Amino acid sequence: MSINQILPFISTIVMLWFTVDVLRRFLVRRNPAFLFWGIGLAMFGAGSFAEAYLSLAWNKWIFFVWYLFGAALNAAWLGHGTLNLLVRKKWVYGVTAALVIGSLFAGYLMLQAMPKLDEAVFTTSKPISEQYGTKVLDAGETPPIGAQTFTTPYRGEEVTAVRGLLPLGTPVRLTTPFFNIYGLITLVGGAIYSAYLFWRKRVMPNRVIANVLIAAGALSIGFASTLTRLGYGQYLYLGELLAAILMFIGFRVAAKPQSEEVGVQNTVPASAD
Amino acid sequence: MSNHIRANNKSHIPSGSFLFEKFVPAALIVMGVITVGLILFAAGVLLGIIHF
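Going down the list, the sequences are from chains U and G.
Reading the first sequence from the start, the letters are residues 1 to 273 in the working numbering.
Reading the second sequence from the start, the letters are residues 1001 to 1052 in the working numbering.
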């Protein structure tokens, strides 16, 4: 087994531990933020496991799990947990409803895409993140070494594209940026904002550090995903493991009880309570 | 130092600390900039300005 096959398994174990920890906290405190975080972490863990599996063998339902939970939804659910910690307003219920409906719709679109998967293109020699999408080549652009290309009419013109598992123009792919932008703003933005508030008030140093770690962890996966899209997929698994470890440490540091916390807790929001 | 004073110090950011005076603000600014960059990148993909 190569290091790129081992890393997703380690990420899965860390995320499983993290998920259990957060959901246990939800059962004790009944704060919906922990439930959303727990669901997001479970999705992250499922995505990591699917990635690990797909580095060894093909299964189209494992691919379903990888794309829907690992690539599309998990950041949004994690970020929604942070939003619930920061904001206690009625409009958050509306956002929750939109997230649930949007996630179900993405699941429906993914189910629609399943019979159209180009399974013949799958190989265990490349990370799944480098082979899931069919990519149109720009004029003069050369395809990556070993890539299979084809010519097809697309949006009124004849284009050359690199074959991928999901066919060209699959609607589910259009939903992913919405979820990821929302997740990035709420998860990273929320953690940075919380860290800033604590830092400005000069209180709870543990939560300042915790939120910096959570933001850094979330950014490391965002950064690794962007690098993957730019053709540097070898950093994705390392980015995921780093994200899992940093966020877990951040969560544990934030949860560590400190004196005076009870008094300040109601006045200063935190992204990991 | 009594336990009470020690507890109070623990829940406040120590003054003159390099970690909190320099590193944390710098890290927050850098991460904020990276976040904005990633959001613009994702928006570019969504709007079809950046092709994949």
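Hints were generated in silico from the structure; no laboratory data involved.
The structure displayed is predicted, hence computed values, not measured ones.
Just to be clear, a hint being listed does not mean it is correct.
SDA-like cross-link-like pairs, simulated, lysine to any residue; straight-line CA separation at most 25 Å [unchecked claim]:
| no. | chain 1 | residue 1 | chain 2 | residue 2 |
| --- | --- | --- | --- | --- |
| 1 | U | K135 | G | L1019 |
| 2 | U | K116 | U | R202 |
| 3 | U | K116 | U | R163 |
| 4 | U | K256 | U | L246 |
| 5 | U | K126 | G | V1045 |
| 6 | U | K256 | G | P1025 |
| 7 | U | K256 | G | L1019 |
| 8 | U | K256 | G | P1014 |
| 9 | U | K201 | G | G1044 |
| 10 | U | K90 | U | L111 |
| 11 | U | K116 | U | P153 |
| 12 | U | K201 | G | L1040 |
| 13 | U | K201 | G | L1047 |
| 14 | U | K60 | U | T170 |
| 15 | U | K116 | U | P177 |
| 16 | U | K116 | U | K90 |
| 17 | G | K1022 | U | K135 |
| 18 | U | K201 | G | A1043 |
| 19 | U | K116 | G | V1045 |
| 20 | G | K1022 | U | K60 |
| 21 | U | K135 | G | G1037 |
| 22 | U | K201 | U | F178 |
| 23 | G | K1022 | U | Y196 |
| 24 | U | K135 | G | L1047 |
| 25 | U | K126 | U | M114 |
Each hint, compared with the structure:
{"no.": "1", "hint": "U/K135 with G/L1019", "in the structure": "violated (44 Å)"}
{"no.": "2", "hint": "U/K116 with U/R202", "in the structure": "violated (55 Å)"}
{"no.": "3", "hint": "U/K116 with U/R163", "in the structure": "holds (13 Å)"}
{"no.": "4", "hint": "U/K256 with U/L246", "in the structure": "holds (15 Å)"}
{"no.": "5", "hint": "U/K126 with G/V1045", "in the structure": "holds (23 Å)"}
{"no.": "6", "hint": "U/K256 with G/P1025", "in the structure": "holds (22 Å)"}
{"no.": "7", "hint": "U/K256 with G/L1019", "in the structure": "holds (19 Å)"}
{"no.": "8", "hint": "U/K256 with G/P1014", "in the structure": "holds (18 Å)"}
{"no.": "9", "hint": "U/K201 with G/G1044", "in the structure": "violated (36 Å)"}
{"no.": "10", "hint": "U/K90 with U/L111", "in the structure": "violated (32 Å)"}
{"no.": "11", "hint": "U/K116 with U/P153", "in the structure": "holds (17 Å)"}
{"no.": "12", "hint": "U/K201 with G/L1040", "in the structure": "violated (31 Å)"}
{"no.": "13", "hint": "U/K201 with G/L1047", "in the structure": "violated (39 Å)"}
{"no.": "14", "hint": "U/K60 with U/T170", "in the structure": "holds (16 Å)"}
{"no.": "15", "hint": "U/K116 with U/P177", "in the structure": "holds (21 Å)"}
{"no.": "16", "hint": "U/K116 with U/K90", "in the structure": "violated (41 Å)"}
{"no.": "17", "hint": "G/K1022 with U/K135", "in the structure": "violated (44 Å)"}
{"no.": "18", "hint": "U/K201 with G/A1043", "in the structure": "violated (34 Å)"}
{"no.": "19", "hint": "U/K116 with G/V1045", "in the structure": "holds (23 Å)"}
{"no.": "20", "hint": "G/K1022 with U/K60", "in the structure": "violated (49 Å)"}
{"no.": "21", "hint": "U/K135 with G/G1037", "in the structure": "holds (23 Å)"}
{"no.": "22", "hint": "U/K201 with U/F178", "in the structure": "violated (33 Å)"}
{"no.": "23", "hint": "G/K1022 with U/Y196", "in the structure": "holds (13 Å)"}
{"no.": "24", "hint": "U/K135 with G/L1047", "in the structure": "holds (16 Å)"}
{"no.": "25", "hint": "U/K126 with U/M114", "in the structure": "holds (21 Å)"}
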